[in-house]
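Chain B: place on chain A using the hints.
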Amino acid sequence: MSKRILPIWAGLMFLVMLISIPQCTFSGDGRWFNIEGQQSALDPKGPIAQNQADIFYLILWVTLFLFITVGGALALAMWRFRERKGDDPNYIPPQSHGHPLIEVGLVVASAALLVVIAIPTFGGIILKKQVPVHLEADAIEVNVTGYQWWWGFEYTEHGFYTANEIVFPAGRAVKLNLHANDVIHSFWLPKLAGKVDLIPGQVNTMWIKADEPGYFWGQCAEFCGDSHAYMLFRAIALPEDEWNEWLERQQRETIVGNGDYAPVKEDIEDRELVLKGAELYAQHCARCHSVDSRLQTMGPNLAHFGSRTSIASGWMENEPEELHRWLKEPHKVKPGNFMWYGFPDPSDPSRVQMEGLKDADLSDSEVDALVAYLYTLQ
Amino acid sequence: MSSHHSPDSAAAHSEPTGLWHRPLKKTGWVGFLTTVDHKKIGIAYALGALFFLLVGGVEALIIRLQLMVPENELISARLYNQLFTMHGTTMIFLAVMPLSAAFFNYIMPLQIGARDVAFPRMNALGLWCFLLGGILINMSWFFDQGAPAIGWFAYAPLTDRQFSPDIGTDFWIMGLQILGIASLVGAFNFITTILNMRAPGLSMMRLPVFTWMTLITSFLIILAFPAITIALVELMFDRHFGTYFFNVDGGGKPILWQHLFWIFGHPEVYILILPAMGIISEVIPVFSRKTLFGYPLIIFSGAVIGFLGFAVWSHHMFTTGLGIVATTAFAFLTMLIAIPTGVKIFNWIGTMWGGRLRFTTPMLYAVGFIWMFMMGGFTGIMHSSPPVDAQQQDTYFVVAHFHYVLIGGSIFALLCGIHYWFPKVSGRIMDETWGKINFYTVFVGFNIAFFPMHILGMTGMPRRTHTYKEEMGWAEPNFWATIGALMLGFGILSCIIQMIYSYYKGAKSPNDPWGGRTLEWATASPPKEYNFAYTPVIHARDQVWEDRHGTPEKRMDKIAPDPEHGIHMPDQSWWPLITSFGIFFACLGIVFFRYEFTFFGSLSYTNGIGLLVVGLVVTLVGIVKWALEGPGGYHLYPDAEDMEEIRQSQSKN
Chain A
1005 MSKRILPIWA GLMFLVMLIS IPQCTFSGDG RWFNIEGQQS ALDPKGPIAQ
1055 NQADIFYLIL WVTLFLFITV GGALALAMWR FRERKGDDPN YIPPQSHGHP
1105 LIEVGLVVAS AALLVVIAIP TFGGIILKKQ VPVHLEADAI EVNVTGYQWW
1155 WGFEYTEHGF YTANEIVFPA GRAVKLNLHA NDVIHSFWLP KLAGKVDLIP
1205 GQVNTMWIKA DEPGYFWGQC AEFCGDSHAY MLFRAIALPE DEWNEWLERQ
1255 QRETIVGNGD YAPVKEDIED RELVLKGAEL YAQHCARCHS VDSRLQTMGP
1305 NLAHFGSRTS IASGWMENEP EELHRWLKEP HKVKPGNFMW YGFPDPSDPS
1355 RVQMEGLKDA DLSDSEVDAL VAYLYTLQ
Chain B
18 MSSHHSPDSA AAHSEPTGLW HRPLKKTGWV GFLTTVDHKK IGIAYALGAL
68 FFLLVGGVEA LIIRLQLMVP ENELISARLY NQLFTMHGTT MIFLAVMPLS
118 AAFFNYIMPL QIGARDVAFP RMNALGLWCF LLGGILINMS WFFDQGAPAI
168 GWFAYAPLTD RQFSPDIGTD FWIMGLQILG IASLVGAFNF ITTILNMRAP
218 GLSMMRLPVF TWMTLITSFL IILAFPAITI ALVELMFDRH FGTYFFNVDG
268 GGKPILWQHL FWIFGHPEVY ILILPAMGII SEVIPVFSRK TLFGYPLIIF
318 SGAVIGFLGF AVWSHHMFTT GLGIVATTAF AFLTMLIAIP TGVKIFNWIG
368 TMWGGRLRFT TPMLYAVGFI WMFMMGGFTG IMHSSPPVDA QQQDTYFVVA
418 HFHYVLIGGS IFALLCGIHY WFPKVSGRIM DETWGKINFY TVFVGFNIAF
468 FPMHILGMTG MPRRTHTYKE EMGWAEPNFW ATIGALMLGF GILSCIIQMI
518 YSYYKGAKSP NDPWGGRTLE WATASPPKEY NFAYTPVIHA RDQVWEDRHG
568 TPEKRMDKIA PDPEHGIHMP DQSWWPLITS FGIFFACLGI VFFRYEFTFF
618 GSLSYTNGIG LLVVGLVVTL VGIVKWALEG PGGYHLYPDA EDMEEIRQSQ
668 SKN
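For the record, the sequence lines run as chains A and B.
Per this note's numbering, residue 1005 is the first one in the first sequence, and the count goes up by one each step.
Per this note's numbering, residue 18 is the first one in the second sequence, and the count goes up by one each step.
Chain A with its partners taken away, still in its complex shape (with noise of 0.2 Å):
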């Protein structure tokens, strides 16, 4: 009995394997591979991107390699040399010490494998620290802000601001200067050029190009506290034409302004909602989150609400109810959401700087009210 539970269980635990690891190259809905995921970094839509999955496809193909030649040795030997039924158990093999030209040999020949690698790297390594030279001319630049857990974008040549959706034209190279406002955070586009961290105190830069319009999913990559999980963005490449209308949007007014934050939109269904909600936001919102699109507050930009597509920093999508439940209870979406809890004072964090909606105590028709609002806002 205990001769035969071993083969049946190695075997057993091999089929196992054969079956899960194939299984586990398909996502959820059946696609393979998941190789056109919103993250993923197999799809590249951009020339940075496209280098970065270049050379690791280059480095995927020599390590296969060496796994095959090394990894056949192994199993040749590990064949070969097994000890068999039957065989002599006091045969001693043959002692060989070594063999310096096989040594001397291996070691070159793993060498000169490096430097089919180092090459395209060194390239690599350039490409993505410098805009390249015809790029250069019609390039935009746009001032990333990091903070505990959503983005601030600054669009500085026309100066405004908005949050956790960075758009801008396809085919045009986009400057980002990273900053950040509280702890290290990572900027990344999977599908556009990597990532590279924002860190306080000191200004990163990096570059991104879409070539053809599109919708991007990007994620904060460097451990930030609580919520680090829940840190997304959207990246929006937008055609020409389509880019020159939304800058001339976001420099629009969109409330009437002066200490007033009713809307200056005029079609509205219920007026009288919308300036309830305008009240609501005022006490309770105004403080931190600053509808003037020149302004930038402790909280994101609120100026084009109602034009995003997400919310809650990319992890929802912008809809009615899902704006209820984050305006409600944010801190069931968001751990330790500043919105909900209040800002700690910096000098005593155990002490609150500024009240979250916590204390508001909000009931379900005033945030009903404050949704309403909110999509006036476009």
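Treat the hints as calculated values from the structure; they're not laboratory data.
Ideal placement from N, C-alpha and C gives every residue a C-beta, glycine not left out.
Be aware that a few hints might be false.
Cβ-to-Cβ under 8 Å is the rule here; a few derived chain A residues that face chain B [said to hold, decoys possible]: (1) LEU1046; (2) THR1073; (3) LEU1110; (4) ILE1123; (5) PHE1126; (6) HIS1162; (7) ASN1185; (8) ILE1188; (9) HIS1328; (10) GLY1340; (11) TRP1344.
The list that follows gives simulated cross-link-like pairs (lysine-lysine, DSSO-like), each with its CA atoms no further than 30 Å apart [claimed, not checked]: (12) A/LYS1133 - B/LYS642; (13) B/LYS57 - B/LYS43; (14) B/LYS642 - A/LYS1089; (15) A/LYS1179 - B/LYS270; (16) B/LYS486 - A/LYS1336; (17) B/LYS486 - A/LYS1362; (18) A/LYS1362 - A/LYS1332; (19) B/LYS486 - B/LYS42; (20) B/LYS522 - A/LYS1089; (21) A/LYS1133 - A/LYS1089; (22) A/LYS1332 - B/LYS57; (23) B/LYS525 - B/LYS57; (24) B/LYS486 - B/LYS43; (25) A/LYS1007 - B/LYS545.
Okay, now just chain B, sitting in the frame of chain A:
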């Protein structure tokens, strides 16, 4: 065995027990707490490390259960962050390092024919500092904000009091400081032992590879740990006294932490893997019945890995905005490390080639190690290239990579070592069928758990994330990874149960059950207190193999101990234990420096300074008394059986 006390320390032995006198009792609690025997200390290291391996394993399994399905709400984000912080810290500092230290302690002196390590009491200090450091870090779970949630890398400024006001971070800082002491005293001890206490004739180029790797690892520890010690002191000052080492508001630089951390952290990786390579280099020749292929090159490449390990730390920082020159230099140096690592793999295969392979459980783990380490090495080459790393950094691809080198590498090798040396330590052999069943479970579970993570990383799943959205398409690989992790956990648990079972009920083992090649197999299983009754005189690299199969002039000579003097053994002591408790309380005082306890609803400050002063006084008294007590020592005489063995070998020659 008769015992007699050395005349030079006879005065110290006038009282048999008591705190102010040298303890003499070898058994019971006193014997355990005051031991200086490298074998007992080695076993204690192993038991502590295996306990923490289980703790870290449970933490890992909770992490995996949380990630099993998208948008799972099994545990909170904060608990998740605490778990991965503690999992990393526990596995590196409390499981793999001390398990390696257990082998250094137990096996290395036997391999060089020594009676003990050079500084037996310092060895005990290392053990107690390891255990108390592990306890200090894990104590944080029992305080109101719980364990630290900063990651094992603890990047500033997230560790600043502003962002992590919890006491867990302070426990983590001071716990690592104590563990640093444990590692450093161990390393100095092993270096001194290997350089000075080798048996006559055991030249450096005859040293067993495991002992060589112990030496190299110890040098790495000595050179790497000061960097983290300094970084931790700076962090402690930032948190307690408002200095600005890493705080931008006062002109500090967060990136400084990363440089200090990784100039320690990368050699640390080799501290974890070089002992593993040493074990594999011992096991493969034994079960191939062949001498190690290219011994000098294996030693040399181990040393090269050690040197290069200090020149590649910034490859952990390719995405932090280093310049083109720095990035390129660190990328190319990192690629270079592939060469000495590859050399080792070539030479292990060369050893097996033309041999007669016996696939016992240790050999299965050793071969499993080569396969898995090869996979981990290849993915390592991938992110040595910064453009590729720009995508893979901080994703599950990196998680897959380092688990392939740390589980498939270090843990497989340590399990290999446990199965291989278990008969030497316990005198009993672990059951082969059960051992092989465990091996297949561990091997397959490991691959199912970690292979899918390569796919997850390339399709965009970042590390250290509490959950993920279903539309990302990461559900399937995550589900299987969790299944695999459960299998792996089951396999490791089964291994540990088998160890405990074999210790009490296993079949009795002869002194050398495997046909070993190195000196530890020449002595009894388990070895007597004095390891070797005789002084071995070494004439060849694989001395025990030569004794059995070699030419007569290569046989070992055995010099009997002086009949008057006997064998000189070190005395036990209370002071290592007392000193380590002093250090522990001093560190605890620093942890509580700014902490407010709440007793029955009212606020009261702890007197952290009081505890610190008490701790420092105890430490100081411990060290002074330790010095005044002197090394002591007593004499043992080998029993008749041992003397007979020596006589026989002498008459043969």
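Okay, the hints, checked on the actual structure:
Satisfaction of the interface hint for A/LEU1046 is found here, the shortest Cβ-Cβ separation to chain B being roughly 6 Å, below the 8 Å cut-off. Taking 8 Å as the C-beta contact cut-off toward chain B, the hint placing A/THR1073 at the interface is violated, the least distance being around 11 Å. For A/LEU1110, the interface hint holds, the least distance from its beta-carbon to any beta-carbon of chain B being 5 Å, beneath 8 Å. Given the 8 Å rule on beta carbons, the hint for A/ILE1123 is violated: about 11 Å separates it from the nearest Cβ of chain B.
Hint on A/PHE1126 holds. Least Cβ distance to chain B is approximately 6 Å, under the 8 Å limit. Taking 8 Å as the C-beta cut-off, the interface hint given for A/HIS1162 is violated, the closest approach to chain B being about 26 Å. Taking 8 Å as the C-beta cut-off, the interface hint given for A/ASN1185 is violated, the closest approach to chain B being about 10 Å. Interface hint at A/ILE1188: satisfied, since its Cβ lies 6 Å from the closest Cβ of chain B, which is below the 8 Å cut-off.
Against a cut-off of 8 Å between C-beta atoms, the interface hint on A/HIS1328 is violated, since the closest Cβ of chain B lies about 18 Å away. Interface restraint check: A/GLY1340 against chain B, minimum CB-CB distance 7 Å, threshold 8 Å, status holds. At about 13 Å, the closest approach between the beta carbon of A/TRP1344 and any beta carbon in chain B exceeds 8 Å, and the interface hint on this residue is violated. With a CA separation close to 60 Å, the supplied pair A/LYS1133 and B/LYS642 exceeds the 30 Å bound.
Distance restraint check for B/LYS57 and B/LYS43: the Cα-Cα separation of roughly 11 Å lies within the 30 Å cut-off, and the hinted pair is therefore satisfied. The hinted pair formed by B/LYS642 and A/LYS1089 fails the criterion: a straight-line CA distance of about 63 Å is larger than 30 Å. With a C-alpha separation of about 24 Å, the suggested pairing of A/LYS1179 with B/LYS270 holds against the 30 Å cut-off. A C-alpha spacing of about 15 Å is found between B/LYS486 and A/LYS1336, which places the hinted pair at or below 30 Å, so the restraint holds.
Distance restraint check for B/LYS486 and A/LYS1362: the Cα-Cα separation of roughly 26 Å lies within the 30 Å cut-off, and the hinted pair is therefore satisfied. Proximity of A/LYS1362 to A/LYS1332 is assessed by CA-CA distance (about 9 Å); at most 30 Å being required, the pair is judged to hold. For the hint linking B/LYS486 to B/LYS42, the alpha-carbon distance of about 62 Å lies beyond 30 Å, and the restraint is violated. Restraint check for B/LYS522 and A/LYS1089: satisfied, since their Cα atoms lie roughly 29 Å apart, inside the 30 Å limit.
Between the alpha carbons of A/LYS1133 and A/LYS1089 the distance comes to roughly 62 Å, so the proposed pair goes past 30 Å and is violated. With a C-alpha separation of about 60 Å, the suggested pairing of A/LYS1332 with B/LYS57 is violated against the 30 Å cut-off. Of the supplied pair hints, the one linking B/LYS525 and B/LYS57 holds, its CA atoms being roughly 20 Å apart against a limit of 30 Å. At most 30 Å may separate the alpha-carbon atoms for a hinted pair to count; B/LYS486 and B/LYS43 exceed this at roughly 59 Å.
Only pairs whose Cα atoms come within 30 Å are accepted, and A/LYS1007 paired with B/LYS545 is rejected, the gap being roughly 36 Å.
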